[in-house]
Amino acid sequence: MKIKSRESGQVTILDVSGKLMGGTDADVFRDLIHELLEQGKKRIIVNLSEVGWVNSTGVGILITGYTTMRRNKGDLKLLNVSNKIQSILYVTKLNLIFECYDNEEKAIASYS
Amino acid sequence: MGDNITLTFPSSYQWLNMIDLVCGEVTAEMGFSHDALNEISISVIEACTNALEHGNGSDTNLEVRVVFRREPGRLMVEVFDCGKGFDYKNYMNNIPDPSDIQNQRGRGIYIMCQMMDSLSFEKLPDGGMKVALLKKIDDTGGKNSD
Numbered sequence: 001m002k003i004k005s006r007e008s009g010q011v012t013i014l015d016v017s018g019k020l021m022g023g024t025d026a027d028v029f030r031d032l033i034h035e036l037l038e039q040g041k042k043r044i045i046v047n048l049s050e051v052g053w054v055n056s057t058g059v060g061i062l063i064t065g066y067t068t069m070r071r072n073k074g075d076l077k078l079l080n081v082s083n084k085i086q087s088i089l090y091v092t093k094l095n096l097i098f099e100c101y102d103n104e105e106k107a108i109a110s111y112s
Numbered sequence: 001m002g003d004n005i006t007l008t009f010p011s012s013y014q015w016l017n018m019i020d021l022v023c024g025e026v027t028a029e030m031g032f033s034h035d036a037l038n039e040i041s042i043s044v045i046e047a048c049t050n051a052l053e054h055g056n057g058s059d060t061n062l063e064v065r066v067v068f069r070r071e072p073g074r075l076m077v078e079v080f081d082c083g084k085g086f087d088y089k090n091y092m093n094n095i096p097d098p099s100d101i102q103n104q105r106g107r108g109i110y111i112m113c114q115m116m117d118s119l120s121f122e123k124l125p126d127g128g129m130k131v132a133l134l135k136k137i138d139d140t141g142g143k144n145s146d
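Sequence order for the protein chains is A and B.
Under our numbering, the first residue of the first sequence is numbered 1, with each subsequent residue one higher.
Under our numbering, the first residue of the second sequence is numbered 1, with each subsequent residue one higher.
For reference, chain A alone in the conformation it holds in the complex (with noise of 0.2 Å):
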């Protein structure tokens, strides 16, 4: 897994590539998160545009990072999900947790 962090206004979004599953992953995305939190930065948009597929870990480390915004009063909303990532959030019944978009305006618009 590899991340790209960009701005958009006051919107932080984290271009995800490869896989999202488990090892050294979540370690990475958690510390990344609070050092998000750290720069008060609260609006997060997590672009999995180039994420193929995650196992049911990978989509853990997602709630950790949406929990841990959550609770500081800040959001993660996911963009551009795949069909087999739709899949388990659906099965998951996570898709009604997770703000989902497959258009980077709106997403970024929906915190406005």
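Hints in this document: simulated from the structure, not taken from any laboratory.
Take the hints with a grain of salt, since some may be wrong.
What the hints assert, rightly or not - Pairs of lysine to aspartate or glutamate, EDC-like flavour, derived with a Cα cap of 16 Å:
#1 A:Lys93 - B:Asp97
#2 A:Lys84 - B:Asp35
#3 A:Lys93 - B:Asp100
Dock chain B against chain A, hints included.
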């Protein structure tokens, strides 16, 4: 025997991509629908993740073995690890709520149950655990509704 495909890999996440690719090839060749193909692939990856994480403790000296059994009208996938196993009967009666965001983990078995036609566990007499995942092909190539 000739319809079986067996893969063995060290307990490292990097090999899950290989399993995903082979799973895609096998299921497409058998005529599963795109949706069913995704469900099988997701479930097999979950079983392999459990095997390498929980079964083998991510010890790369220990192997995970995956057997694709291509049978008429259905695919059976067996995933073997080298671990001590777990109390799957108790677990299956107390599967955590997958939508509970207080739980970071514990969704893999629930996902497999939902996406496959059957899921079974077996502690092997010589040690290790076997997880068997079954998916039938219906007339549309998707999940059998019975």
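Numbers of the earlier hints that this structure fails to satisfy, in rising order: none
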